[in-house]
Amino acid sequence: MNRTVLGTGLLAVVVIVALLASGLGRDPHRMTSPLVGRAAPPFKLPSLEDGREVTLDSLRDRPVVLNFWASWCAECRGEHELLNRAAGMLEPSVRFVGVVHRDRPESALAFLEAHGAAYPFVLDPGDRTAIAYGIYGIPETFFIDRNGTVVAKHIGPLDARSLAVYLRKAAGSS
Amino acid sequence: MTTLLCLLLAGNAGLPAADIERRTQEIAALLRCPVCQGASVADSPSAMAVGMKAEVRDLVAKGQDEEQILRHFEASYGEFVRLRPPLRGINWAVWLAPVLALLVGGLVVVRVYRRACAVPTTTRVRPPGRLLWGVLTTFTVAGLFLFVSISTERRGAGRALTGEVPSRRAVLDDALRRDPNNLETHLDLAQLHLGRDELMEAYAETEFVLARSPRNPRALAYQAPVRLAMGQAQDALKLLRQALEQDPELVDAWRHLMLVHALIGDFDKAEQVVAEITKFRPEQEKVFRPLLEKARRRVAEHGPVPESDGGAHRRRTPAPKPRVRTVAGVLDADLSLHIAPGATIFITLRPAGQPSGPPLAAKRLTAAAFPMAFEIGSADSMLGRDLPERLRLEARVDSDGDPITRGAGDPTATADGVSLGADGLRLTVQRGPRSVVADDRGSKLSSNPDGGR
Numbered sequence: 001m002n003r004t005v006l007g008t009g010l011l012a013v014v015v016i017v018a019l020l021a022s023g024l025g026r027d028p029h030r031m032t033s034p035l036v037g038r039a040a041p042p043f044k045l046p047s048l049e050d051g052r053e054v055t056l057d058s059l060r061d062r063p064v065v066l067n068f069w070a071s072w073c074a075e076c077r078g079e080h081e082l083l084n085r086a087a088g089m090l091e092p093s094v095r096f097v098g099v100v101h102r103d104r105p106e107s108a109l110a111f112l113e114a115h116g117a118a119y120p121f122v123l124d125p126g127d128r129t130a131i132a133y134g135i136y137g138i139p140e141t142f143f144i145d146r147n148g149t150v151v152a153k154h155i156g157p158l159d160a161r162s163l164a165v166y167l168r169k170a171a172g173s174s
Numbered sequence: 001m002t003t004l005l006c007l008l009l010a011g012n013a014g015l016p017a018a019d020i021e022r023r024t025q026e027i028a029a030l031l032r033c034p035v036c037q038g039a040s041v042a043d044s045p046s047a048m049a050v051g052m053k054a055e056v057r058d059l060v061a062k063g064q065d066e067e068q069i070l071r072h073f074e075a076s077y078g079e080f081v082r083l084r085p086p087l088r089g090i091n092w093a094v095w096l097a098p099v100l101a102l103l104v105g106g107l108v109v110v111r112v113y114r115r116a117c118a119v120p121t122t123t124r125v126r127p128p129g130r131l132l133w134g135v136l137t138t139f140t141v142a143g144l145f146l147f148v149s150i151s152t153e154r155r156g157a158g159r160a161l162t163g164e165v166p167s168r169r170a171v172l173d174d175a176l177r178r179d180p181n182n183l184e185t186h187l188d189l190a191q192l193h194l195g196r197d198e199l200m201e202a203y204a205e206t207e208f209v210l211a212r213s214p215r216n217p218r219a220l221a222y223q224a225p226v227r228l229a230m231g232q233a234q235d236a237l238k239l240l241r242q243a244l245e246q247d248p249e250l251v252d253a254w255r256h257l258m259l260v261h262a263l264i265g266d267f268d269k270a271e272q273v274v275a276e277i278t279k280f281r282p283e284q285e286k287v288f289r290p291l292l293e294k295a296r297r298r299v300a301e302h303g304p305v306p307e308s309d310g311g312a313h314r315r316r317t318p319a320p321k322p323r324v325r326t327v328a329g330v331l332d333a334d335l336s337l338h339i340a341p342g343a344t345i346f347i348t349l350r351p352a353g354q355p356s357g358p359p360l361a362a363k364r365l366t367a368a369a370f371p372m373a374f375e376i377g378s379a380d381s382m383l384g385r386d387l388p389e390r391l392r393l394e395a396r397v398d399s400d401g402d403p404i405t406r407g408a409g410d411p412t413a414t415a416d417g418v419s420l421g422a423d424g425l426r427l428t429v430q431r432g433p434r435s436v437v438a439d440d441r442g443s444k445l446s447s448n449p450d451g452g453r
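In the order they appear, the protein sequences are chains A and U.
So the first sequence is numbered by this note's numbering: it starts at 1 and just counts up by one.
So the second sequence is numbered by this note's numbering: it starts at 1 and just counts up by one.
FYI, nobody ran anything at the bench for these hints, they're computed from the structure.
Take the hints with a grain of salt, since some may be wrong.
Stated by the list, open to error - A few chain U residues that don't get close to chain A, going by computed Cβ distances all over 12 angstroms:
1) Gln37
2) Ala49
3) Gly51
4) Asp58
5) Gly63
6) Gly129
7) Gly143
8) Phe147
9) Arg169
10) Glu184
11) Leu189
12) Ala204
13) Val330
14) Gly342
15) Arg364
16) Arg426
Claimed, not checked - To be clear about the criterion: a stretch of chain A counts as covered by chain U if any three or more of its residues have a C-beta under 8 angstroms from a C-beta of chain U, and this derived list gives those stretches:
17) 9-17
18) 130-141
What the hints assert, rightly or not - Within a straight-line C-alpha distance of at most 27 angstroms, the following computed DSSO-like cross-link-like pairs (lysine-lysine) qualify:
19) A:Lys153 - U:Lys53
20) U:Lys269 - U:Lys279
21) U:Lys53 - A:Lys44
22) U:Lys238 - U:Lys294
23) A:Lys153 - A:Lys44
24) A:Lys44 - U:Lys238
25) U:Lys279 - U:Lys238
26) A:Lys153 - A:Lys169
27) A:Lys44 - A:Lys169
A quick note: this is a predicted structure, and the numbers were derived from the prediction, not measured.
Every residue gets a Cβ at the ideal spot worked out from N, C-alpha and C, and that includes glycine.
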């Protein structure tokens, strides 16, 4: 009986140690998206400017930067200049799309008129595209390669350095 | 309204609207709201949860079952979106552990109770088996404790148990957010990029540092491998020699020097570097040797790194920024002042002879141990304009850390007529009008009569 108890105790310890060993090595800050490495969810969304439909399919064959944002979000406003400048330089070899998330179209338009828009912006009625992309909050940006595979997701405002790294990933992975 | 909507949506699946609503609520209660993460989609008032619930309703109406709908959301958000972890993989442990623990605990209690009843109190002795059991348990618990301590130690910052374990990159990014001009942080980042072969990023960081501190040995050393990759081997060697002139013991510079020599096929020189460094850092031989062998294998396989002729290729590389001109020196404080470490010091440059008005350049320093080095130049220019040749330099210890307000008693030191490019200035901050200024390069300086204003 003593041996049974000892064996059970040791087994429990081994299980606990194995759990700790796998858990303690992880970085709990890392938020991975299950979409990375998979096909980007397709979308067909009306353009903010004229209501014309923009689809993911129509952007194929080029890396796509899909940025979820709103004019009321301070961090989105902060990163807008960087994205706009990058789009101005890289379009059309890289396609940029801004998805307006939970914002009044007139507010979004007013902001873009004041600050410029070098790439198309689309509306997301009912947040369907945001949910399909697993959005938690904004800004969130997805980098999709020319085959339509999500190569990276960035949560929070982008900086120039990270943008360069992601773009290289999106351009080079196909 | 909702019922009407449900009736419309229910079309294909043929479910009554009330059933759809009930199923929607049940399934929404199993989904975590991505915005208020402690609440379910059914309970959360957030707009995202409302959108998710509408989507659940659509899927129910289309006839999808609970598992299909949960998987649908899992594809976007991951397993995290399920409030109840599914029975797979490591999750089994979460479900089984409490049951197992209860079972084992119960057995132990029953066993101990039976023993206690069976053995008369007077004859109870401790058998040697029990002693062994006790010793083993103690060792196991101690081992487990040690294991957890070592693991948490490795994770650094003592924050392992709170789950706050940022990566090295995150730590550096965070440090830069707090202090964007910290050159050491930029250099650490450059080093990190080099290790990951992100040469353009490493180049950008070293350029940032060199614009502010043109002779920084680490920046020079870290830019060398980038230059080598650009086909500028001779420039890389020049940078490394400059770096070693500044800091002859900078191991990184020696290592890159060895690698540049090796990668351009000059193994004799690479060997000389190894011999050189092992003279004063013998322990580095076991680091340098394997690297040299690796470089040797690479050259044998792919040939030496080609070198451009310095003309056509060079034009394609990023143009070096114009050399930033600075005023540098050492700031000392009168011992009677007792300036606390962490106090704010503003260093400003104005045109010579102008004791007031907006400064041309300003820099904020944090007081540490005196004497402390300072450097201010066109990189700190307020409007990005070039600085005039003759300047008035002022260092002021600020009592409230706000550059706009100026305390009457703020200890100050000034130097008027300083030449742009002067780098041997010595200033001593004092309270009151008598600021001591000296220049060991012999520039003409005047002690400022109104330094304490």
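Hint-by-hint comparison with the structure:
Distance check for Gln37 (chain U) against chain A: the nearest CB is about 8 angstroms away, which does not clear 12 angstroms, and the non-interface claim fails. The beta carbon of Ala49 (chain U) sits about 10 angstroms from the closest Cβ of chain A, which is not more than 12 angstroms, so the claim that it is off the interface is violated. The Cβ of Gly51 (chain U) sits about 4 angstroms from the closest Cβ of chain A, inside the 12 angstroms cut-off, so the non-interface label is violated. Non-interface call for Asp58 (chain U) relative to chain A: violated, since the shortest CB-CB distance, roughly 9 angstroms, does not exceed 12 angstroms.
No Cβ of chain A approaches the Cβ of Gly63 (chain U) within 12 angstroms, the least distance being about 19 angstroms, so the stated non-interface status holds. Its beta-carbon lying about 5 angstroms from the closest one in chain A, Gly129 (chain U) breaks the requirement of being farther than 12 angstroms from that chain. The claim that Gly143 (chain U) lies off the interface is violated: its Cβ sits roughly 8 angstroms from the closest Cβ of chain A, which falls inside the 12 angstroms cut-off. Some Cβ of chain A comes within 12 angstroms of the Cβ of Phe147 (chain U); the nearest lies about 6 angstroms off, and the non-interface call is violated.
Listed as a non-interface residue, Arg169 (chain U) fails to keep its Cβ farther than 12 angstroms from every Cβ of chain A; the least gap is roughly 10 angstroms. Distance check on Glu184 (chain U): its Cβ is at least 17 angstroms (rounded) from any Cβ of chain A, clearing the 12 angstroms threshold; non-interface status holds. Some Cβ of chain A comes within 12 angstroms of the Cβ of Leu189 (chain U); the nearest lies about 9 angstroms off, and the non-interface call is violated. Its beta-carbon lying about 7 angstroms from the closest one in chain A, Ala204 (chain U) breaks the requirement of being farther than 12 angstroms from that chain.
No beta-carbon of chain A comes within 12 angstroms of the beta-carbon of Val330 (chain U); the shortest separation is about 34 angstroms. With a cut of 12 angstroms on Cβ distances, Gly342 (chain U) stays outside the contact zone with chain A, its closest approach being about 28 angstroms. For Arg364 (chain U), the shortest C-beta to C-beta distance to chain A comes to about 22 angstroms, beyond the 12 angstroms cut-off, and the non-interface label holds. Here Arg426 (chain U) stays apart from chain A, with its beta-carbon at least about 38 angstroms from theirs, past the 12 angstroms limit.
Figure legend: the segment 9-17 of chain A, annotated as covered by chain U; annotation consistent (7 residues with Cβ-Cβ distances under 8 angstroms, at least 3 required). Coverage of the segment 130-141 of chain A by chain U holds [criterion: at least 3 residues with CB-CB distance below 8 angstroms; count 8]. Between Lys153 (chain A) and Lys53 (chain U) the alpha-carbon distance is near 24 angstroms, which keeps this suggested pair within the 27 angstroms criterion. Proposed proximity of Lys269 (chain U) and Lys279 (chain U) is supported: the alpha carbons are some 15 angstroms apart, at most 27 angstroms.
Between Lys53 (chain U) and Lys44 (chain A) the alpha-carbon distance is near 21 angstroms, which keeps this suggested pair within the 27 angstroms criterion. The hinted pair formed by Lys238 (chain U) and Lys294 (chain U) meets the criterion: a straight-line CA distance of about 23 angstroms does not exceed 27 angstroms. A C-alpha spacing of about 20 angstroms is found between Lys153 (chain A) and Lys44 (chain A), which places the hinted pair at or below 27 angstroms, so the restraint holds. Restraint check: the Cα-Cα separation between Lys44 (chain A) and Lys238 (chain U) comes to about 56 angstroms, which exceeds 27 angstroms; the hinted pair is violated.
Restraint check for Lys279 (chain U) and Lys238 (chain U): satisfied, since their Cα atoms lie roughly 22 angstroms apart, inside the 27 angstroms limit. Note on Lys153 (chain A) and Lys169 (chain A): the hinted pairing holds, with a Cα-Cα distance of about 11 angstroms set against a maximum of 27 angstroms. Under the criterion of a C-alpha separation no larger than 27 angstroms, the hint pairing Lys44 (chain A) with Lys169 (chain A) is consistent with the structure, at around 25 angstroms.
Consistency with the previously given hints fails for numbers 1, 2, 3, 4, 6, 7, 8, 9, 11, 12, 24, ordered from lowest to highest.
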